[in-house]
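Trainee: Sequence:
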Amino acid sequence: MDQSECSAKEAALCDKKITRTGGKKFRCSHCGKEFSQKGSMAEHVRIHTGEKPFGCSVCSKSFSQKGSLQAHMRMHTGEKPFKCSHCGKEFAQKGTMLGHVRRHTGEKPFSCSFCGQTFRQKGSLLSHVRKHTGEKPFSCSFCGQTFRQKGSLLSHVRKHTGEKPFSCSFCGQTFRQKGSLLSHVRKHTGEKPFSCSFCGQTFRQKGSLLSHVRKHTGEKPFSCSFCGQTFRQKGSLLSHVRKHTGEKPFSCSFCGQTFRQKGSLLSHVRKHTGEKPFSCSFCGQTFRQKGSLLSHVRKHTGEKPFSCSFCGQTFRQKGSLLSHVRKHTGEKPFSCSTCGRIFSQRQHLVSHVRTHTGEKPYGCSTCGKRFAQKPHLATHARTHTGEKLFGCSVCGKSFSQKGGLRSHMGKHAGAEKLPRCSLCGKAFSQMAQVVAHMSAHTGRPLSCPLCGESYAHKGSLMEHMRKHNAGGQ
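3 is the number of the first residue of the sequence shown in the numbering used here; add one for each residue after it.
Source of the hints: derived by calculation from the structure; they are not laboratory data.
It is possible that some hints are incorrect.
Here are the simulated DSSO-like pairs of lysine-lysine, each with C-alpha atoms no more than 27 Å apart in a straight line [to be verified]:
no.	residue 1	residue 2
1	Lys110	Lys161
2	Lys82	Lys68
3	Lys133	Lys110
Go ahead and model the full structure; you've got the sequences and the hints to work with.
Mentor: Now the structure itself:
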């Protein structure tokens with residue numbers, strides 16, 4: 003039976019068969035892309051129309067393709083029907099499993115026609131190709147921002163909606179991105195799957211590894227369009243650019259203070275909450291910032307990794323090195339906005355500004371008196387404790403303040419000419435006093451005939467004897 007003799011139903015079936023064999027092409031009226039199957043074209047058209055006819059019965063989320071709905075439903079059911087034959091790991095989606103298997107086999111079947119780079123997954127290749135073409139087909143319906151990857155768009159949209167669908171099973175913390183959750187979970191498990199091929203150091207995040215590797219290679223691929231300075235990390239570049247633009251997008255919900263970097267905000271917030279999540283493994287001291295912990299640990303280890311290129315002096319902290327280098331260069335980058343005075347160190351500027359504002363942030367816990375500078379509070383506190391840190395090298399008298407010692411030393415004008423003890427260096431006005439003092443080093447030759455107690459000096463023995471006489475002995 004030829005096609006002319008087909009019934010209407012049979013003709014449609016014949017037509018369908020021709021389509022499946024490539025006899026017909028279905029063209030998208032929006033972009034001109036061609037398909038061998040009408041159903042494939044219908045699915046594609048929904049990208050343009052935004053139609054999502056397949057709705058989830060659990061959370062009401064909708065999808066343009068039935069397969070996407072089925073994959074989504076497995077998030078609710080927990081079903082993972084696709085299993086890796088190499089390690090047994092299970093997956094909700096077949097494509098994810100196939101991409102994972104290629105980690106074991108090393109296979110990267112998808113190659114970029116522009117630069118030759120190969121990929122394990124077709125989606126990774128498509129995303130990469132858009133770097134060459136500049137194409138950003140995924141647009142945010144809230145603000146219009148465009149993206150190369152659909153995943154990047156979905157993550158961005160959650161900034162508008164506040165949605166955080168990925169939850170940590172250990173602590174309950176929620177995340178906008180699955181990758182952020184996976185990285186966070188490794189804090190609980192201690193897993194560090196990304197290893198440096200140069201030194202063997204391991205990392206929780208692939209991005210941290212890539213950034214670390216650039217320390218070995220010296221590569222700094224991110225360049226500032228304002229001044230040309232280059233950076234190893236994209237985040238460092240973005241933070242640097244804000245110095246030029248003045249942008250401070252991170253705001254404290256407690257006091258409203260704004261920051262250029264998210265890390266600076268998080269550290270600041272801990273001043274309000276009192277949280278100190280970073281603990282020293284040597285002594286248990288806790289810190290608000292990881293950098294403060296690392297600097298502190300070097301007190302225990304003695305490590306001073308930052309070296310001055312001018313004189314070779316080494317430092318525990320990078321900030322201490324930068325401050326020291328300014329002694330060589332004479333640079334004073336910190337300027338007072340009130341009087342124009344300039345300083346080599348930021349802390350000196352902060353302290354100076356208080357002379358204008360009258361601010362006194364340091365209060366004595368004993369009497370409540372307040373001070374503009376922390377060292378002044380420390381000096382004042384000694385008036386309560388009686389502590390005397392500053393001792394006279396001539397007579398041994400001690401003082402609570404350095405200024406008191408300086409004033410006292412004036413009384414010893416010409417002290418360098420006085421006779422001194424050859425063992426401890428103590429000075430005396432007469433040589434006889436030195437001789438008497440020396441017996442304190444050589445022993446106690448003078449002993450009491452009544453009780454046998456011995457003394458270094460005759461005066462001390464006579465004072466002791468008076469105690470016996472006063473007691474009637």
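Trainee: Let me make sure I understand: some of the numbered hints might not hold for this structure. Which ones are they, in numerical order?
Mentor: 1
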